[in-house]
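So the sequence lines, in the order shown, correspond to chains V and W. Residues 6 to 103, numbered by our numbering, are exactly what the first sequence covers, in order. Residues 6 to 103, numbered by our numbering, are exactly what the second sequence covers, in order.
Hints were generated in silico from the structure; no laboratory data involved. Treat the hints with care, since some could be wrong.
It does not matter which identical chain is used: a pair holds within one copy or between any two.
What the hints assert, rightly or not - Once the Cα atoms are required to be at most 27 Å apart in a straight line, the calculated DSSO-like pairs of lysine-lysine come out as:
#  : residue 1 : residue 2
1  : LYS86     : LYS73
2  : LYS93     : LYS73
3  : LYS93     : LYS67
4  : LYS73     : LYS83
5  : LYS56     : LYS100
6  : LYS100    : LYS73
7  : LYS67     : LYS86
8  : LYS73     : LYS56
9  : LYS83     : LYS100
10 : LYS67     : LYS83
11 : LYS56     : LYS67
12 : LYS100    : LYS86
2 protein chains.
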Amino acid sequence: MANLDNLIHQPVRLRIVSSLSTLSEDESMEFTFLRDLHELTDGNLGAHLRKLEEAGYVSLEKTFVDRKPRTFIALTRKGRKAFSEHVKALEQILKDKP
Amino acid sequence: MANLDNLIHQPVRLRIVSSLSTLSEDESMEFTFLRDLHELTDGNLGAHLRKLEEAGYVSLEKTFVDRKPRTFIALTRKGRKAFSEHVKALEQILKDKP
């Protein structure tokens, strides 16, 4: 039976991970960009990212640009694999005929 | 923004509704068949069906076949529409590029 990844299945995290999955391996997305893209608050996005980071699915890089702190988020190889398997499981569920 | 249907998004209900969606409008699926297909218990399937019935997404018909009680489940027109929109929302999320 196809296994959904419960961490990724949550609607907001599904959107976050899906967005990050569009980046190539050496790219990252800025926190504020991701926040605005999905109409989230700082707190809400931060909480979801912590869960994804704890699972090893995303990596966060804090840096300074023009002396302002900025955070860049990337999908790890583990996160990319988990997302890919989640999508496969979803497709299987949606296409399965008994 | 694409809206996921929270009732349908729940993993077990997603499987149930997806299975029912494969039936044509005048068909129904037996409770025990659906239960075994998704490796559920009577109680678990019953609880999910009640939620779907309360939302008007499925209809249950209790009948007797050879003097044994049997329950047949069908997706209502409302349920079919909700599932179709949920799948569209999912596809949009999975294909969206920022």
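Hints versus structure:
no. : hint           : result
1   : LYS86 / LYS73  : neither (33 Å within a copy, 48 Å between copies)
2   : LYS93 / LYS73  : neither (40 Å within a copy, 39 Å between copies)
3   : LYS93 / LYS67  : neither (32 Å within a copy, 36 Å between copies)
4   : LYS73 / LYS83  : neither (30 Å within a copy, 51 Å between copies)
5   : LYS56 / LYS100 : between (30 Å within a copy, 23 Å between copies)
6   : LYS100 / LYS73 : neither (48 Å within a copy, 33 Å between copies)
7   : LYS67 / LYS86  : within (24 Å within a copy, 44 Å between copies)
8   : LYS73 / LYS56  : within (25 Å within a copy, 49 Å between copies)
9   : LYS83 / LYS100 : both (26 Å within a copy, 20 Å between copies)
10  : LYS67 / LYS83  : within (20 Å within a copy, 47 Å between copies)
11  : LYS56 / LYS67  : within (17 Å within a copy, 44 Å between copies)
12  : LYS100 / LYS86 : both (21 Å within a copy, 17 Å between copies)
Comparing the model with each earlier hint shows violations of hints 1, 2, 3, 4, 6; every other hint is respected.
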